[in-house]
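Peer 1: In the order they appear, the protein sequences are chains R and X.
Read in order, the letters of the first sequence are residues 1 to 332 in my numbering.
Read in order, the letters of the second sequence are residues 1 to 330 in my numbering.
FYI, nobody ran anything at the bench for these hints, they're computed from the structure.
All C-beta atoms in this analysis are idealised placements derived from N, C-alpha and C, irrespective of residue type, glycine included.
A couple of the hints might just be wrong.
Claimed, not checked - Label-pair restraints from in silico Cβ distances:
#1 X:I304 / R:S104: 32 to 40 Å
#2 R:P107 / X:K16: 33 to 41 Å
#3 R:G139 / X:I304: 51 to 59 Å
#4 X:R156 / R:R269: 25 to 33 Å
#5 R:M305 / X:S208: 51 to 59 Å
Said to hold, decoys possible - When the alpha-carbon atoms are kept at most 20 Å apart in a straight line, the in silico EDC-like pairs for lysine to aspartate or glutamate are as follows:
#6 R:K242 / X:E321
#7 X:K90 / X:E122
#8 R:K246 / X:E274
#9 X:K207 / R:E268
#10 R:K242 / X:E122
#11 X:K207 / R:D152
#12 R:K34 / X:E275
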Amino acid sequence: MGRLLEVKNLRTQFKTFDGIVKAVDGVSFYLDEKEIIGIVGESGCGKSVTQLSIMQLINRPGKIVGGEVWFEGKDLLKYKQHGPEMRSIRGGKIAMIFQEPMTSLNPVLTLGYQLAESLILHLKMSKEEARKRAIELLGMVGIPSPEDRIDDYPHQFSGGMRQRVMIAMALACNPKILIADEPTTSLDVTTQAQLLELMVDMVHKFNSSLILVTHNLGVVARYAQRIYIMYAGRIVEEGTCKEIFKRPRHPYTKGLLRSVPRLDVEGERLIPIEGLPPRLTDLPDQCAFLPRCPYKTEKCSTSPMPELRSVPGEGHKIRCYVDIPEVDYATV
Amino acid sequence: MPQSKNDVVLEVKDLKMHFPITRGLFRKVVGMVKAVDGISFALKRGETLGLVGESGCGKTTVGRCISRLYQPTSGEIYFKGKNIADVPEKELKPLRRNISMIFQDPYSSLDPRQNAGSIVGEPMVVHRLVKSRDEYKEKVKHLFEIVGLNPELTTRYPHEFSGGQRQRIGIARALAADPDVIICDEPVSALDVSIQAQIINLLMDLKSEGEKRLTYIFIAHDLSVVKHISDRIAVMYLGRIVELTTPRELYNNPLHPYTQALLSAVPVPDPEVEENRERIILEGEVPSPLFPPNGCALHQRCPIATPECSKTVPPLRECSEDHWVACLRI
Ligand SMILES: Nc1ncnc2c1ncn2[C@@H]1O[C@H](COP(=O)(O)OP(=O)(O)OP(=O)(O)O)[C@@H](O)[C@H]1O
Ligand SMILES: Nc1ncnc2c1ncn2[C@@H]1O[C@H](COP(=O)(O)OP(=O)(O)OP(=O)(O)O)[C@@H](O)[C@H]1O
Ligand SMILES: [Mg+2]
Ligand SMILES: [Mg+2]
Numbered sequence: 001m002g003r004l005l006e007v008k009n010l011r012t013q014f015k016t017f018d019g020i021v022k023a024v025d026g027v028s029f030y031l032d033e034k035e036i037i038g039i040v041g042e043s044g045c046g047k048s049v050t051q052l053s054i055m056q057l058i059n060r061p062g063k064i065v066g067g068e069v070w071f072e073g074k075d076l077l078k079y080k081q082h083g084p085e086m087r088s089i090r091g092g093k094i095a096m097i098f099q100e101p102m103t104s105l106n107p108v109l110t111l112g113y114q115l116a117e118s119l120i121l122h123l124k125m126s127k128e129e130a131r132k133r134a135i136e137l138l139g140m141v142g143i144p145s146p147e148d149r150i151d152d153y154p155h156q157f158s159g160g161m162r163q164r165v166m167i168a169m170a171l172a173c174n175p176k177i178l179i180a181d182e183p184t185t186s187l188d189v190t191t192q193a194q195l196l197e198l199m200v201d202m203v204h205k206f207n208s209s210l211i212l213v214t215h216n217l218g219v220v221a222r223y224a225q226r227i228y229i230m231y232a233g234r235i236v237e238e239g240t241c242k243e244i245f246k247r248p249r250h251p252y253t254k255g256l257l258r259s260v261p262r263l264d265v266e267g268e269r270l271i272p273i274e275g276l277p278p279r280l281t282d283l284p285d286q287c288a289f290l291p292r293c294p295y296k297t298e299k300c301s302t303s304p305m306p307e308l309r310s311v312p313g314e315g316h317k318i319r320c321y322v323d324i325p326e327v328d329y330a331t332v
Numbered sequence: 001m002p003q004s005k006n007d008v009v010l011e012v013k014d015l016k017m018h019f020p021i022t023r024g025l026f027r028k029v030v031g032m033v034k035a036v037d038g039i040s041f042a043l044k045r046g047e048t049l050g051l052v053g054e055s056g057c058g059k060t061t062v063g064r065c066i067s068r069l070y071q072p073t074s075g076e077i078y079f080k081g082k083n084i085a086d087v088p089e090k091e092l093k094p095l096r097r098n099i100s101m102i103f104q105d106p107y108s109s110l111d112p113r114q115n116a117g118s119i120v121g122e123p124m125v126v127h128r129l130v131k132s133r134d135e136y137k138e139k140v141k142h143l144f145e146i147v148g149l150n151p152e153l154t155t156r157y158p159h160e161f162s163g164g165q166r167q168r169i170g171i172a173r174a175l176a177a178d179p180d181v182i183i184c185d186e187p188v189s190a191l192d193v194s195i196q197a198q199i200i201n202l203l204m205d206l207k208s209e210g211e212k213r214l215t216y217i218f219i220a221h222d223l224s225v226v227k228h229i230s231d232r233i234a235v236m237y238l239g240r241i242v243e244l245t246t247p248r249e250l251y252n253n254p255l256h257p258y259t260q261a262l263l264s265a266v267p268v269p270d271p272e273v274e275e276n277r278e279r280i281i282l283e284g285e286v287p288s289p290l291f292p293p294n295g296c297a298l299h300q301r302c303p304i305a306t307p308e309c310s311k312t313v314p315p316l317r318e319c320s321e322d323h324w325v326a327c328l329r330i
């Protein structure tokens with residue numbers, strides 16, 4: 001499998017009245033061909049900003065202040081935000097599905113028009129070709145009688161159907177990379193399952209790769225091969241899905257896994273992570289998880305933010321000085 | 001837990017709540033949303049009943065009928081043996097004391113102009129449960145401690161608290177009037193994953209530690225959470241209960257096709273378990289409650305439906321001990 005995307009040391013900040021929000025602070029990750037990776041973390045940890053930075057969709061007061069985004073031999077961050085290169089990549093080779101489908105569909109244009117528009121722009125199709133393909137795509141994502149629905153407006157569709165259209169639209173130009181940012185969280189559980197299944201099927205069918213952004217550990221466990229756990233603007237743990245769920249080595253990951261009730265486990269008492277996530281405006285120089293960490297040592301409070309370091313296991317890395325004792329894994 | 005009839009705190013019989021849809025100047029009724037359409041269950045003291053189901057299936061409406069924020073269209077609600085379904089508004093005050101609610105959104109459910117102390121203490125004043133200023137202060141302080149908030153924070157305003165802390169304030173307020181029943185409507189859905197467990201544990205501790213055996217109705221769409229906290233679970237679909245049983249039985253032996261799909265839709269945070277799990281994906285979408293299908297509400301999406309299912313509404317029946325299901329095919 002070839003390397004498709006490599007993000008290196010990405011840093012994105014927002015200037016606010018409370019100070020500078022270091023929303024993404026040195027994030028590196030990669031994505032291989034035909035791979036599904038998960039980016040997991042709690043609200044506000046920088047998942048969306050990371051993805052938006054890749055697409056250069058960061059606007060004032062936000063700014064990408066450093067890093068590289070390597071895709072097909074080019075560093076995308078070298079391109080101008082509104083230049084022709086980024087315009088053709090966005091929605092072309094890299095497509096994104098956003099959390100709230102209504103905000104990314106134009107309410108005054110028919111769905112057919114919006115679908116065809118990107119086919120004409122990116123694939124240089126004729127109007128007729130584009131319309132035919134659009135109908136085909138709507139059918140593929142499970143919209144019944146697509147030839148009748150193609151001239152409908154977004155408000156005539158239910159939330160689940162709109163999200164199907166978003167999937168169709170994202171895949172219209174056969175992208176290399178699909179970024180799905182919490183694509184289904186506003187929908188019902190059974191609809192969520194339906195759509196995730198559809199999206200993963202389509203990604204396989206199109207030989208694309210998928211970045212699945214979510215706070216739902218279950219979704220990642222179900223679909224991703226590798227995962228990145230984010231906390232306070234940084235990646236704190238990365239590795240294969242199997243490995244991380246079995247042997248989480250960062251105290252935050254371990255805490256997360258122990259704090260969610262599981263359908264398949266009888267109700268033992270949950271072990272919550274105490275305290276609150278930090279504010280991104282006044283992050284300590286030390287590890288950002290330090291105040292909540294049950295494993296902290298003297299070294300943690302006197303040393304700077306730990307770097308990512310390799311631990312046993314395929315590609316397994318953590319941003320932590322501590323090695324969680326072996327016996328503790330029995331209780332995960 | 002003794003099974004005597006006296007132990008039942010709350011019993012709901014054939015509860016219906018239909019909202020009229022009106023149009024135009026004269027508010028002509030053009031349709032009815034059958035938000036809740038014939039629900040029955042009984043709750044024993046100290047028990048937690050989980051209500052799960054997808055958006056719009058009527059969970060919140062059930063909660064609001066029981067706490068009498070709504071006047072039900074029909075049906076009976078027995079609280080400690082007395083039917084409260086038709087009690088007129090002005091006689092509801094003592095009831096409000098006994099049945100309180102915790103809401104989903106910790107951001108909008110607290111009055112932003114009131115400080116945390118008076119939000120929590122208000123029910124005690126309304127129901128005249130304190131005799132002096134000192135007693136009031138003492139009780140508010142105690143409530144703060146119970147829910148794990150620093151009592152020094154009583155003078156702060158809601159916007160100064162995090163989501164999890166606000167939910168604690170909401171819980172303290174719900175406890176203030178010393179209720180028998182608390183209806184928790186999606187109390188953790190809006191919270192970060194790492195904070196959810198703190199609140200779930202708090203709710204469970206309150207039940208086991210207090211002298212009073214609190215009874216909960218716990219509403220959520222997250223089946224993992226509901227399964228964790230409940231003694232029994234009612235699965236709702238389009239205004240009706242389709243299955244009602246213990247969490248263990250529901251997980252190990254789900255009978256209703258909708259329950260099976262709901263269970264399989266919830267992924268488990270364990271890749272090895274996921275690899276071997278069967279997935280049942282329902283076709284189509286939840287029908288609108290404005291135009292519910294005839295017969296069984298699920299029949300158009302159901303993998304085992306027969307023509308009969310489109311004609312007959314399946315009744316909820318007990319098919320093994322403490323396991324109720326509403327399906328013609330079971
Ligand atoms: N336009 C903005 N101005 C100021 N701060 C912002 C802006 N957009 C994002 N941020 C901040 O950047 C941080 C990261 O936000 P981001 O949207 O990436 O979080 P997330 O991990 O996607 O969270 P969620 O799970 O809630 O979607 C947050 O602390 C947020 O407050
Ligand atoms: N006051 C009202 N007037 C008219 N219709 C209502 C009213 N309250 C609820 N409904 C309708 O009744 C149905 C059930 O709503 P309810 O809020 O009880 O669902 P829910 O199960 O709590 O959903 P959610 O998970 O989204 O909170 C919905 O179709 C809703 O639109
Ligand atoms: Mg986000
Ligand atoms: Mg509700």
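Peer 1: Indicate, hint by hint, whether the structure satisfies it.
Peer 2: The hints, checked one at a time:
1. X:I304 / R:S104: 32 to 40 Å: With a Cβ separation near 38 Å, I304 of chain X and S104 of chain R satisfy 32 to 40 Å, so the hint holds.
2. R:P107 / X:K16: 33 to 41 Å: 36 Å, holds
3. R:G139 / X:I304: 51 to 59 Å: 27 Å, violated
4. X:R156 / R:R269: 25 to 33 Å: 30 Å, holds
5. R:M305 / X:S208: 51 to 59 Å: 40 Å, violated
6. R:K242 / X:E321: 39 Å, violated
7. X:K90 / X:E122: This hinted pair holds, its Cα atoms lying about 19 Å apart.
8. R:K246 / X:E274: It holds: about 13 Å lies between the C-alpha atoms, which stays within 20 Å.
9. X:K207 / R:E268: Since the Cα atoms of K207 of chain X and E268 of chain R sit roughly 16 Å apart, the hinted pair holds (cutoff 20 Å).
10. R:K242 / X:E122: Violated, at roughly 50 Å.
11. X:K207 / R:D152: 52 Å, violated
12. R:K34 / X:E275: Given pair K34 of chain R, E275 of chain X holds - Cα atoms ~19 Å apart, limit 20 Å.
In summary, the numbered hints that this structure violates are 3, 5, 6, 10, 11.
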